[in-house]
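With the hints as your guide, set chain B onto chain A.
Note that the protein sequences, when read in sequence, are chains A and B. 44 is the number of the first residue of the first sequence in my numbering; add one for each residue after it. 44 is the number of the first residue of the second sequence in my numbering; add one for each residue after it.
Quick caveat, the hints were computed from the structure, so don't treat them as lab data. Do not take every clue at face value.
[As the list claims (entries may be wrong)] Computed list of lysine-lysine pairs in DSSO-like fashion (alpha-carbon distance at most 30 Å, straight line): (1) A/LYS436 to A/LYS255; (2) A/LYS255 to B/LYS366; (3) A/LYS255 to B/LYS255; (4) A/LYS434 to B/LYS89; (5) A/LYS292 to B/LYS548; (6) B/LYS292 to A/LYS292; (7) A/LYS255 to A/LYS432; (8) B/LYS287 to A/LYS292; (9) A/LYS123 to A/LYS183; (10) B/LYS548 to A/LYS287; (11) A/LYS287 to B/LYS292; (12) B/LYS292 to A/LYS548.
In this text, all values refer to a predicted model and were calculated from it rather than measured experimentally.
There are 2 protein chains.
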Amino acid sequence: MCVQPLAPSLCPHPACHGWLTLCLYATQDASPDAYGDLPMNQSQAKTDAKWTRLSTLTAADAGSTVLIRGRVHVSRGTGKLAFITLRQQSHTVQVVAAADDKTISRHMVRFIGNIPKESVVDVTATVTAAPTPIDSCSKKDIELQVQKVFVVSRNNHRMPFELADALRTEAELAGDSGLVGVSLDTRLNNRVIDLRTMTNQSIFRLQAAVGKIFRDFLQNQDFVEIHSPKMIAGASEGGANVFKMNYFKSEACLAQSPQLYKQMAISADFDRVFEIGPVFRAEDSNTHRHLTEFVGLDLEMAFNEHYHEVLDLFDNLFVTLFKTLSTEYAEDIATVFNQYPAEPFQFLEPSLRLTFPEAIAMLREAGYEVGDFDDLSTETERALGRLVKEKYKTDFFMLDKFPQAVRPFYTMPDPNNPGYSNSYDFFMRGEEIMSGAQRVHDADFLAERATACGIPLDSIQAYIDSFKFGSFPHAGGGVGLERVVMLYLALGNIRKSSLFPRDPKRITP
Amino acid sequence: MCVQPLAPSLCPHPACHGWLTLCLYATQDASPDAYGDLPMNQSQAKTDAKWTRLSTLTAADAGSTVLIRGRVHVSRGTGKLAFITLRQQSHTVQVVAAADDKTISRHMVRFIGNIPKESVVDVTATVTAAPTPIDSCSKKDIELQVQKVFVVSRNNHRMPFELADALRTEAELAGDSGLVGVSLDTRLNNRVIDLRTMTNQSIFRLQAAVGKIFRDFLQNQDFVEIHSPKMIAGASEGGANVFKMNYFKSEACLAQSPQLYKQMAISADFDRVFEIGPVFRAEDSNTHRHLTEFVGLDLEMAFNEHYHEVLDLFDNLFVTLFKTLSTEYAEDIATVFNQYPAEPFQFLEPSLRLTFPEAIAMLREAGYEVGDFDDLSTETERALGRLVKEKYKTDFFMLDKFPQAVRPFYTMPDPNNPGYSNSYDFFMRGEEIMSGAQRVHDADFLAERATACGIPLDSIQAYIDSFKFGSFPHAGGGVGLERVVMLYLALGNIRKSSLFPRDPKRITP
Numbered sequence: 044m045c046v047q048p049l050a051p052s053l054c055p056h057p058a059c060h061g062w063l064t065l066c067l068y069a070t071q072d073a074s075p076d077a078y079g080d081l082p083m084n085q086s087q088a089k090t091d092a093k094w095t096r097l098s099t100l101t102a103a104d105a106g107s108t109v110l111i112r113g114r115v116h117v118s119r120g121t122g123k124l125a126f127i128t129l130r131q132q133s134h135t136v137q138v139v140a141a142a143d144d145k146t147i148s149r150h151m152v153r154f155i156g157n158i159p160k161e162s163v164v165d166v167t168a169t170v171t172a173a174p175t176p177i178d179s180c181s182k183k184d185i186e187l188q189v190q191k192v193f194v195v196s197r198n199n200h201r202m203p204f205e206l207a208d209a210l211r212t213e214a215e216l217a218g219d220s221g222l223v224g225v226s227l228d229t230r231l232n233n234r235v236i237d238l239r240t241m242t243n244q245s246i247f248r249l250q251a252a253v254g255k256i257f258r259d260f261l262q263n264q265d266f267v268e269i270h271s272p273k274m275i276a277g278a279s280e281g282g283a284n285v286f287k288m289n290y291f292k293s294e295a296c297l298a299q300s301p302q303l304y305k306q307m308a309i310s311a312d313f314d315r316v317f318e319i320g321p322v323f324r325a326e327d328s329n330t331h332r333h334l335t336e337f338v339g340l341d342l343e344m345a346f347n348e349h350y351h352e353v354l355d356l357f358d359n360l361f362v363t364l365f366k367t368l369s370t371e372y373a374e375d376i377a378t379v380f381n382q383y384p385a386e387p388f389q390f391l392e393p394s395l396r397l398t399f400p401e402a403i404a405m406l407r408e409a410g411y412e413v414g415d416f417d418d419l420s421t422e423t424e425r426a427l428g429r430l431v432k433e434k435y436k437t438d439f440f441m442l443d444k445f446p447q448a449v450r451p452f453y454t455m456p457d458p459n460n461p462g463y464s465n466s467y468d469f470f471m472r473g474e475e476i477m478s479g480a481q482r483v484h485d486a487d488f489l490a491e492r493a494t495a496c497g498i499p500l501d502s503i504q505a506y507i508d509s510f511k512f513g514s515f516p517h518a519g520g521g522v523g524l525e526r527v528v529m530l531y532l533a534l535g536n537i538r539k540s541s542l543f544p545r546d547p548k549r550i551t552p
Numbered sequence: 044m045c046v047q048p049l050a051p052s053l054c055p056h057p058a059c060h061g062w063l064t065l066c067l068y069a070t071q072d073a074s075p076d077a078y079g080d081l082p083m084n085q086s087q088a089k090t091d092a093k094w095t096r097l098s099t100l101t102a103a104d105a106g107s108t109v110l111i112r113g114r115v116h117v118s119r120g121t122g123k124l125a126f127i128t129l130r131q132q133s134h135t136v137q138v139v140a141a142a143d144d145k146t147i148s149r150h151m152v153r154f155i156g157n158i159p160k161e162s163v164v165d166v167t168a169t170v171t172a173a174p175t176p177i178d179s180c181s182k183k184d185i186e187l188q189v190q191k192v193f194v195v196s197r198n199n200h201r202m203p204f205e206l207a208d209a210l211r212t213e214a215e216l217a218g219d220s221g222l223v224g225v226s227l228d229t230r231l232n233n234r235v236i237d238l239r240t241m242t243n244q245s246i247f248r249l250q251a252a253v254g255k256i257f258r259d260f261l262q263n264q265d266f267v268e269i270h271s272p273k274m275i276a277g278a279s280e281g282g283a284n285v286f287k288m289n290y291f292k293s294e295a296c297l298a299q300s301p302q303l304y305k306q307m308a309i310s311a312d313f314d315r316v317f318e319i320g321p322v323f324r325a326e327d328s329n330t331h332r333h334l335t336e337f338v339g340l341d342l343e344m345a346f347n348e349h350y351h352e353v354l355d356l357f358d359n360l361f362v363t364l365f366k367t368l369s370t371e372y373a374e375d376i377a378t379v380f381n382q383y384p385a386e387p388f389q390f391l392e393p394s395l396r397l398t399f400p401e402a403i404a405m406l407r408e409a410g411y412e413v414g415d416f417d418d419l420s421t422e423t424e425r426a427l428g429r430l431v432k433e434k435y436k437t438d439f440f441m442l443d444k445f446p447q448a449v450r451p452f453y454t455m456p457d458p459n460n461p462g463y464s465n466s467y468d469f470f471m472r473g474e475e476i477m478s479g480a481q482r483v484h485d486a487d488f489l490a491e492r493a494t495a496c497g498i499p500l501d502s503i504q505a506y507i508d509s510f511k512f513g514s515f516p517h518a519g520g521g522v523g524l525e526r527v528v529m530l531y532l533a534l535g536n537i538r539k540s541s542l543f544p545r546d547p548k549r550i551t552p
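Just chain A, with the same shape it has in the complex (with noise of 0.2 Å):
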């Protein structure tokens, strides 16, 4: 083993200019200068090489020289032999150093076969096709056979769960497979080793791609983003549920939706508007589908007419969401399935859209029992999206017309049918992801509204004040975008499209 200290050498390594601890049978080595342990970077010096990325490499390269940085998935030795599976996010090659006494020395391999899994290595390596399919491997028809292996960060500890097992999938822990998965909670207190999967690196690239989709269709439809303030005087959606914080010699709450802002922006003649931001919800709900903070992807437009305008955009945008996803991001999509099996995501164009009337009915010919104005349950959503999905094939719908008494006193009522309002939920995979409604616009209703919902005026006069001097009828909606991810992939715990997620019992990491 190479542990004792050399004195000072320069390094070979094409990013170093500083120190190096060599092995003391370096005399006798062949390599040398081929591996070891690089100083900690300060950025000691700057060199014209390049670096390769991994996913870039094809077999097209065979015979061609690359420098790679990348992490240690597994490394092991036998004798003369030594491999590394290089991982760079969701890719990985095979590395292969064998002694030859010339370049290759015995100690080096015995250095490279002993480098602990999620090192943080440099290789440098000729690329060369791989004599067999190596399937263990994503890059199965290449391989890299060293000419330098440097350290740059060596992991010396126990990790607190191999990757491995956090890969693994239900098929393979069922029965007596003797394999060990990782649970959420320990994936949750580890989360940054946890992300590291090839599973988690395509969920949030998938998560960021949502963000994307989302805000280039609005920026192009002339929406303007904006960014609303997350500390608020009041309450935004009622007294219950929000988190309270002193601010300075008095008090303040979380906002738990940009809803009175983004309506705010329409009053301040922004005519589209748009937002991506945290929302917060002091809710003591631990369910496999709730967040005390979460990213909401916020709306709100002015319209000519109606409401379905509105509706009309939002189709748009979910049509042009999951067609995006299923074929730009496929591949990630692909990894996600290959740990947490799941039917591909459905859907239709134009999207299917029912009543709340003919959802109550599909339900009750189903043998549910719900009253005309009930709200749904969670069961009976679940229900629903069952149903709709045997009869019109789709994972994505839309529901218009909600009760008005189970919606905000800010939702407009439906001129036509009393007890409903112009608002609408929208669906995946039979659980809500989206809220939204034509919103009242007339200062003087809107306050009776809230005065008959038992909301305090002199917490919301600001809003309500914001309708006063003109203004826009309007609607817009809400979407929680880790519900997206969750049920577009249909992970089944909205803690896994969560970064550090939040819940009631937990604020870390």
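Frame of chain A, contents of chain B only:
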């Protein structure tokens, strides 16, 4: 005056199947179906009416009939003639109603001339070439000849201030002009009205543009957008200036930056990440450039050899930002400069980079007494900005190699110059808009630095632990969105570039 209600009658307006309050003299009126107040829009009907955006109208449209919804910016009537200046965001056009006792009655002209400012109206009109240029409107070469005018939402309230007054320049208000302006406090207390000015419409389109350019640039460079939690267990940037809140049965803090989490994302193999989100500072600073909540544009990336790889990327990012703004958003910039005149923003390509010792030398040469390792004060920052502008003709520069002692504990020391660090600030018009550095990626060294800086390790254990299991050299920075907008446009007060600003004395609206 048309104030007497009549029995419900079918409204001829294309957007309405509802009821219309008509004048008692309707039977004598040549144009009873061409004007009036619409009932509150509850999405009563859908038609296939075609709506026109004012921004798209040109003299080439002369002769065509258009339907436009907008605000009454100004209205006035003189007997047989009435005029409206119709406003849609930053655009205004003159609308003319001339009584002809055939299709346009005198009652209608009187009705139009009396519509209160800021009311929302639907105007059906014929586009004509303006006989002489209309200086008071942004559309100078066209007029709209009224066919129909319906009030969608009437402003029956006294405005807290006139939009015209909120649009005055300093030059207009100087001396004994007799004109009144609107104080910033009054504006902010009535922000929804204030935001309707053309100037503010442009400021916030520019704010959205900065976010878009930032994001587009980074996404093209393979950065992944992340969303880190804002409710965290411990202070992210040290114990001072942090908002505390109740979190169920325990306590939490609001994140002062996504610093710890974006670095953890690097340890979690995301390689390059960015975040756009709110950051919170409980700092009792009542200055022109401090907010208690602002929008952070944050990025963090692993680099191969030297943190200047990150500085190079930042350089490209800011040059791209300034170029794109000055070319694609020239109209909005001109609108803002119209009210707040300023020199156009100057920049170099590539950007100017100075080292901290070089800056100290420049300041001393100009007579400022500053120590080698002193942090820059607001005053010396400004002085430096002036000196740089004189010498290099740029309003933007990067200052590299700050003294270690004035930077946070997680800043990597400069290996070659004791007392300095691998850290940088960026400046626009002599004020700091970004702070960044190479970070310490070695867990042991990081713990040592935290302890030396008096940070209790238990409050940041998850952060320190995230570097234990192999870590990448990395650097990054955080930009304040409102500061970039304020300084690019030389607005002089950060509240002008925040939609609903928060400072120690303001938590509403």
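Going through the hints against the structure:
no.	hint	result
1	A/LYS436 to A/LYS255	holds, 27 Å
2	A/LYS255 to B/LYS366	holds, 23 Å
3	A/LYS255 to B/LYS255	holds, 10 Å
4	A/LYS434 to B/LYS89	holds, 29 Å
5	A/LYS292 to B/LYS548	holds, 9 Å
6	B/LYS292 to A/LYS292	holds, 22 Å
7	A/LYS255 to A/LYS432	holds, 28 Å
8	B/LYS287 to A/LYS292	holds, 13 Å
9	A/LYS123 to A/LYS183	holds, 23 Å
10	B/LYS548 to A/LYS287	holds, 18 Å
11	A/LYS287 to B/LYS292	holds, 13 Å
12	B/LYS292 to A/LYS548	holds, 9 Å
Violated hints: none; the structure is consistent with every hint.
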